[in-house]
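For the sequence shown, full-length UniProt numbering assigns the number 1 to the initial residue and increments by one for each residue that follows.
To be clear, the hints were calculated from the coordinates, so they are not data collected in a lab.
Keep in mind that a hint or two might mislead.
Below, simulated EDC-like cross-link-like pairs (lysine to aspartate or glutamate); rule was C-alpha separation at most 16 Å, straight line [as the list claims (entries may be wrong)]:
no. : residue 1 : residue 2
1   : LYS109    : ASP85
2   : LYS79     : GLU41
3   : LYS64     : GLU41
4   : LYS288    : ASP361
5   : LYS310    : ASP289
6   : LYS79     : GLU62
7   : LYS490    : GLU370
8   : LYS288    : ASP308
9   : LYS311    : GLU301
10  : LYS280    : GLU301
11  : LYS471    : ASP496
12  : LYS87     : ASP125
13  : LYS379    : ASP361
14  : LYS379    : ASP308
15  : LYS87     : GLU71
16  : LYS109    : GLU301
17  : LYS379    : ASP289
18  : LYS310    : ASP361
19  : LYS471    : GLU486
Quick list of simulated restraints, FRET-style, between CB atoms [stated by the list, open to error]:
no. : residue 1 : residue 2 : range
20  : ASP85     : GLU498    : 47 to 55 Å
21  : TRP69     : ASN18     : 23 to 31 Å
22  : GLU406    : VAL261    : 13 to 21 Å
23  : GLN365    : TRP321    : 54 to 62 Å
24  : PHE268    : ALA198    : 27 to 35 Å
25  : ARG434    : ALA201    : 47 to 55 Å
26  : ARG387    : VAL261    : 29 to 37 Å
27  : ASP73     : ILE24     : 39 to 47 Å
28  : ASN18     : LEU391    : 46 to 54 Å
29  : ALA198    : PHE444    : 43 to 51 Å
30  : VAL427    : ASN360    : 54 to 62 Å
31  : VAL261    : THR19     : 54 to 62 Å
32  : SER353    : LYS379    : 47 to 55 Å
33  : GLY194    : LYS379    : 44 to 52 Å
Note that CB positions come from ideal geometry on N, CA and C, so glycine has one too.
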Amino acid sequence: MNERRTLHPIYILFGLLNTIRGFIPFILIGLLRGTDWTGLEWYWYAGVSALSAVILVFSYIEWKSFGFWLESDRIIIRKGWLFRDEKTIYYTRIHSVNVEQPLVQRLLKVAQVKIETPGGNKKADGVLPALSLKEASDIQLMLKKQASVIAAPEGQPLSEKLMTQKPEADEQLVVRINQKPLASESVSHNAERGPSIALHAGQLLQAAATSMNFGLVAAFMAGLYSFANDFINQLLPDHFFESVVEDSSSFMPSYFAVVIVVIAGVAFAWLLSIILYVLKFSGFAVQKDGRQISVSYGLLEKKSFVFDPKKVQAVIVSESWLRQAFGYAEIRLQIVSSDKKEQLMLHPFIKRSDIQQVLNDFVPQIVHSEETPLQGAPKRALLYYIRIELLIAALLCAASIIFLKEAGLWSLVLIPLVLWWRRSCYVAAGVSLRNGQLTLRTRFLSRSTFLIRRPQIVTMRVNRSIGQQRKNLLTLSVRALGSPFEYRVKCLDHADVEPVWRWYSRSQN
């Protein structure tokens, strides 16, 4: 077994810093309310000091018991002092190496390394939470050695393979932090540099303005509310919001107030989505080094992903209504990751005409051609796309008219909007099977095109309701490795789905 390695000693502070972070809301409340910290009794200071000392002692023991070994064909991670936990990960099983720098790690100038393998759970299979550049560089070198071992002829002894490794094989995997390779300049100088992508400020702002990522806004607002709930209760007077609503309704009609609130809410959500998008994807860069691709981005929380393009499970081309109108899209990749709900961004803002060129540079096994026609949903499927949503809109309109009288008539605007939305979903639906690649297209709000090859399909499912069976319609769903959800297109013609099913099941019947 090779030399035992440990985490950076700064890891001892992580436990204390995480505890302090949990008390930040109470500390801020005290500061805003003008609490005199100097007037506290001595036992408060003694208690805080004792608690800090206990946390530091336990963190030291945890750091001391954490060790990992880099061997010729595997990495071994061992941790725990009461309950021992040991993991062995063979290099041939690694799908990607992700280097992340959350805010605390960036301030302390250390990095967190996540090792992803197929079949992993919600957490990464191997996590090294605090590494110096030296330890990260050692991991890089060992992984590059393993790449050369795999490339060596079969039957050659392991020691011989390691001794005769080629320089170009050493550059198959490059782990990066902040766009700087974690190895000496002499090693990285000979790297096989490939195509790269870097967004300038104008492109990033355009991407943020057209993303319409209200899901990101909702997640941020939910987290902000849970964090600031104590502030709201402590700092604002009782019945504050009720008073604001009453005062507003006293000088403007209720329906006019509702319109103003809706417009202001949408504008605020849009501006907030721009800010959050810029913070998330600032410094976005993609670089192909040898046979590996590195993707890095993030202003407050720096993330870096390194993976083999052959292990990309699917490509997703997404177009919001704004981007579709101007001929732009974004490209995301489905790879094996512990964060199964997140798809890795390959390009956040690209012209549709340039998509195939980017795929040729980074994921050449995938083909995206706008000239290739998709088999869309038949006309008899339109009813199935609009009926449920139209019924819900009609019920909402009826309820608004009953309770709001004349003002509720404004809700009838929902009817044509829902019809337009659902018809656009119907028009977007389609399927295509060409040269061993399945293409599915669907829309909820954004139009999404899923590109996946047969070896990456884990399951394929075809289902139909009784009504769809009478209309000879089928719903097609496929799932890729590492994806928590299915790629699904509703109400396609039976004649268009049957060849896809035969192709996947290899059935002649």
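Worksheet entry | Pairwise beta carbon distance, GLY194 to LYS379, judged against the given window 44 to 52 Å | 46 Å, holds
Worksheet item: Given the proposed pairing of LYS87 with ASP125, does the C-alpha separation stay at or below 16 Å?
Response: At roughly 8 Å apart (the allowed maximum being 16 Å), ASP125 and LYS87 satisfy the hint.
Worksheet item: Is the straight-line distance between the alpha-carbon of LYS288 and that of ASP361 16 Å or less?
Response: 8 Å, holds
Worksheet item: Do the alpha carbons of LYS471 and GLU486 lie within 16 Å of each other, as the hint requires?
Response: 24 Å, violated
Worksheet item: Is 54 to 62 Å a correct range for the gap between the Cβ atoms of GLN365 and TRP321?
Response: Violated: the Cβ-Cβ distance is about 30 Å, outside 54 to 62 Å.
Item to complete: Compare the distance between the alpha carbons of LYS379 and ASP361 with 16 Å, and conclude whether the hinted pair is satisfied.
Response: Not satisfied, since the Cα-Cα distance of roughly 38 Å exceeds 16 Å.
Worksheet item: Is the gap between the beta carbons of ALA198 and PHE444 within 43 to 51 Å?
Response: With Cβ atoms ~31 Å apart, the hint is violated.
Worksheet item: Do SER353 and LYS379 keep their Cβ atoms within the hinted range of 47 to 55 Å?
Response: 30 Å, violated
Worksheet item: Quick one, are LYS64 and GLU41 close enough, alpha carbons at most 16 Å?
Response: 36 Å, violated
Worksheet entry | Holds or violated: LYS288 to ASP308, with C-alpha atoms at most 16 Å apart | Holds, at about 10 Å.
Worksheet item: In this structure, is the beta-carbon distance linking ASN18 and LEU391 contained in 46 to 54 Å?
Response: Distance hint for ASN18, LEU391 holds at roughly 49 Å.
Worksheet item: ASP85 and GLU498, beta-carbon distance inside 47 to 55 Å?
Response: 49 Å, holds
Violated hints, in rising order: 1, 2, 3, 7, 9, 13, 14, 17, 19, 23, 25, 29, 30, 31, 32; the structure is consistent with all others.
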